[in-house]
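Residue-level listing of the chains:
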Amino acid sequence: MAELRHSSRHTGQLTAIARLRWQLFLHSLRTTRGTAELISRIFIGFVIAVAGIGGAIGMGVGAWSFVSNQSPQWIALLLWSIFMFWQFFPVMATAFTQSTDSSVFLRFPLSYRAYFLVVVAYGAFDIATALGSLWLLGIWCGVAFADPSLAVWTAFILLTFALVNLILARAIFSWIERWLALRHTREILGIIFFLFVISFQFLGPLIGHFGRTSRPQVTHWGAELSPAQRVLPPGLAAAAMAEFHASPLLSAGYAALLACYGVALLGVLHVRLRAQYRGEDLSEAGARSDSRAMRPSVRRGWKLPGFPVPIAAILEKELLYLSRSGPMLFTLIMPLVMLGVFRVGGSGREAGLLTRAPDFALPTGAAYAVLMLTNLVYNNFGADGAGVQFLFTLPVRFRQVVVAKNLAHAAVLAGELVLVWVTASLLYTPPRLDITIATLAGVLFVLPVNLVAGNFLSLYSPKRIEFSTFGRQRAPQTTILASFAVQICVFGLAAIVLWVVPHQNGYWLASLVLLCLATIALGGYLSSLNHLDRLAHRRQETLIAELCRA
Amino acid sequence: MEAPAIYTENLTRRFGELVAVQEVNLRVAAGEFFGFLGPNGAGKSTTIKMLTGLLAPTSGTIQILGLDLIAHPVEVKRRIGVVPEGMALFGRLTGAEYLNFAGRMYGLDRETAASRAEELLDFMRLADQPRTLITDYSHGMQKKLALAAAVIHGPNVLFLDEPFEGVDAIAAGTLKTMLQRMTERGATIFLTSHVLEIVERLCSHVAIIDRGRLVAQGSLDELRAGVLAQNRDTSDGREQKLTLEQIFLRAVGGAQPAGQELSWLS
Chain R
3 MAELRHSSRH
13 TGQLTAIARL
23 RWQLFLHSLR
33 TTRGTAELIS
43 RIFIGFVIAV
53 AGIGGAIGMG
63 VGAWSFVSNQ
73 SPQWIALLLW
83 SIFMFWQFFP
93 VMATAFTQST
103 DSSVFLRFPL
113 SYRAYFLVVV
123 AYGAFDIATA
133 LGSLWLLGIW
143 CGVAFADPSL
153 AVWTAFILLT
163 FALVNLILAR
173 AIFSWIERWL
183 ALRHTREILG
193 IIFFLFVISF
203 QFLGPLIGHF
213 GRTSRPQVTH
223 WGAELSPAQR
233 VLPPGLAAAA
243 MAEFHASPLL
253 SAGYAALLAC
263 YGVALLGVLH
273 VRLRAQYRGE
283 DLSEAGARSD
293 SRAMRPSVRR
303 GWKLPGFPVP
313 IAAILEKELL
323 YLSRSGPMLF
333 TLIMPLVMLG
343 VFRVGGSGRE
353 AGLLTRAPDF
363 ALPTGAAYAV
373 LMLTNLVYNN
383 FGADGAGVQF
393 LFTLPVRFRQ
403 VVVAKNLAHA
413 AVLAGELVLV
423 WVTASLLYTP
433 PRLDITIATL
443 AGVLFVLPVN
453 LVAGNFLSLY
463 SPKRIEFSTF
473 GRQRAPQTTI
483 LASFAVQICV
493 FGLAAIVLWV
503 VPHQNGYWLA
513 SLVLLCLATI
523 ALGGYLSSLN
533 HLDRLAHRRQ
543 ETLIAELCRA
Chain U
814 MEAPAIYTEN
824 LTRRFGELVA
834 VQEVNLRVAA
844 GEFFGFLGPN
854 GAGKSTTIKM
864 LTGLLAPTSG
874 TIQILGLDLI
884 AHPVEVKRRI
894 GVVPEGMALF
904 GRLTGAEYLN
914 FAGRMYGLDR
924 ETAASRAEEL
934 LDFMRLADQP
944 RTLITDYSHG
954 MQKKLALAAA
964 VIHGPNVLFL
974 DEPFEGVDAI
984 AAGTLKTMLQ
994 RMTERGATIF
1004 LTSHVLEIVE
1014 RLCSHVAIID
1024 RGRLVAQGSL
1034 DELRAGVLAQ
1044 NRDTSDGREQ
1054 KLTLEQIFLR
1064 AVGGAQPAGQ
1074 ELSWLS
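Residue numbers (the working numbering), protein chains in the order written: chain R, 3 to 552; chain U, 814 to 1079.
Just chain R, with the same shape it has in the complex:
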């Protein structure tokens, strides 16, 4: 056997990894989707550049203002915002996608030092690092412009601060990576992210509610928290800059403490990476632990009187799927959240939208519920993934499969309408009977139309959904546009009916008109089912190819 000749130079390996990433990027552009991705990346790149440069200017002006006004300690505010962004953004972005596992390179003869560098380098080129660095540069410019004697010291402090951020981000990420290797923890992180997003919905109303008056207790809390934040990296960095003229020794002490953070974090990162390097198993199989004592017998499936067995089986499967999808369940609570958002506000002119017109709480909630349901309805088979092949091997007509899925969606909507009704009653006022009937009639009209459109679009432009991640779950562009058009038509028509039909004595007549529309829509739905078998047969290859794609 020939002599094995292998390069021990780290640079060769690092270059190879960099080249690999570049080639992966280039190959990703070969497909139509890849080209669209490039366009979206250019757009995102533009947005990031604007955010980076705009943020840097803002930070610079802020820093200049603080130093000019002899209050350099307030730079801590700017550093804290950068610190939070630098640490939280990558974590939240990870909740969107499957994690990129740098440990795949461990199969190669990579030295620990080279591996450590690869992991840190992975972090050095992410969005958070780019933006954070740019904003720190902005702060440095602001400080140097306001007090040139601080320029060198500030550069040193901000560089140390940047390194601490970079290492901390990698340390956090390496631990998160461990948790993300497991589906359950990935889902939990996704739910935390979702709660984070929901909480933003309340920001506007809350600021409107609390922000108009002076709150002395907020100022008090700020004063209390100030010494505590000073022992953390952003506070230390700000203090090191602020004390430079008054007490250089104290300033150096703060800087040393900041550097100590960096060293300690390097140690934390080293612990994780060393474990990875020595061969750590993060696979799902390792986490598989089921009590062998628990062996309940297989329970019988659901029985739905009046429905064929396959429809009952698929309905059961659909609802089981939904109940196991944290992300999906959380999108379904959005209508209730929105009712809460509209409730938050002051009184009189500052009152929330629905507080001024409580009669519309139920229709608004119901409309939101239908809109949220379109996530499921317009991509009926997305969650089935490779399982869709199984559906085609079954001795059932495909329309039965679709009807069962539609029934599951209708059942979810019915449950959600009950919750919306209860929430509207609790937050506002119990909806009037005529409004309740009109809303139900409206839903009976809107739902079948959406089901028809959803069934056809599900077959024409399917997209695989990973239930365990939030990321890359966007429906195809055609589906989004078609769904948008359908909503404009049906909700527009329902609104016109409510508006035009005389309702001085209640919405009874409007309900009647909406029920007539619902009957027509239901007829259209039933008629559409006759075409589904043929269409499914025609589309099955595309459907399978698209949904079975890993």
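Hints listed in this document are in silico derivations from the structure and should not be mistaken for laboratory results.
Heads up, some of the hints might be wrong.
Claimed, not checked - To give an idea of the interface, some chain U residues facing chain R are shown, with a C-beta separation under 7 Å as derived from the structure:
{"id": "1", "residue": "V887"}
{"id": "2", "residue": "K890"}
{"id": "3", "residue": "P897"}
{"id": "4", "residue": "A901"}
{"id": "5", "residue": "M918"}
{"id": "6", "residue": "A927"}
{"id": "7", "residue": "E931"}
Just so you know, even glycine gets a beta-carbon here, dropped at the ideal spot from N, CA and C.
Please arrange chain U on chain R, whose structure you already have, making use of the hints.
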């Protein structure tokens, strides 16, 4: 005369310019354990997809148990079981839920579906993880579950695309035992596999496809006889029993040419 379990006539499938399967004529008698072999990209999976109704043929006829697949898809599907490429599992169900679902979709009543699901889980040694979702199963466990779902209704014909790929020796033994019991009961099994030793041990009949065309078909003895007859001129006259691997390599012309080696391994 009994209709063949699987019968195709001039079965062809094109993908644009590419002819993936070209005029394949298969005849598999009821009760046969039939191995369908071929190199990578030869057209095995395309053929099995067409035979199970997952892919429409461009032209040709498919009859399963005497029924035309295109004309009577539901009747055919009721009598067959399929483990397709990729296994087609629903990852967010537990194994028990999936088998129960499959049983009911194949027309079993609730009690029968539940009891067979329980029996199959025990047989496949999957019963000790009742709450684990399929997505968290190992590859071998998923293979066993896919096979269990394919047999829960007692099909007359079973189509298996690479059933032993990624399966450990213990699981493979379990699968083989079950498949042999099924053929003893009169079921027909049509499988593709790259593990030629397993095919040789299990299958009574074999067909070999190469670049979309059927290049050999028959019992193992018939194929051996065919290869020996072809090479009579070059053989030294001694009787030798060819292995399936030798038959396969001669059929597809895949033997490594002498002298072709890697420069840095010489």
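Results of checking the hints against the structure:
1. Because the smallest distance between the Cβ of U:V887 and any Cβ of chain R comes to about 5 Å, under 7 Å, the interface hint for this residue holds.
2. For U:K890, the suggested interface contact is upheld, since its CB lies about 4 Å from the closest CB of chain R, less than 7 Å.
3. At its closest, the beta carbon of U:P897 sits 5 Å from a beta carbon of chain R; the interface hint therefore holds under the 7 Å criterion.
4. The restraint placing U:A901 at the interface with chain R holds, with a minimum CB-CB distance near 4 Å, inside the 7 Å limit.
5. A least Cβ separation of about 5 Å between U:M918 and chain R falls short of the 7 Å threshold, and the interface hint therefore holds.
6. Taking 7 Å as the C-beta cut-off, the interface hint given for U:A927 holds, the closest approach to chain R being about 5 Å.
7. Hint status for U:E931 relative to chain R: holds, with the closest Cβ pair at about 4 Å, below 7 Å.
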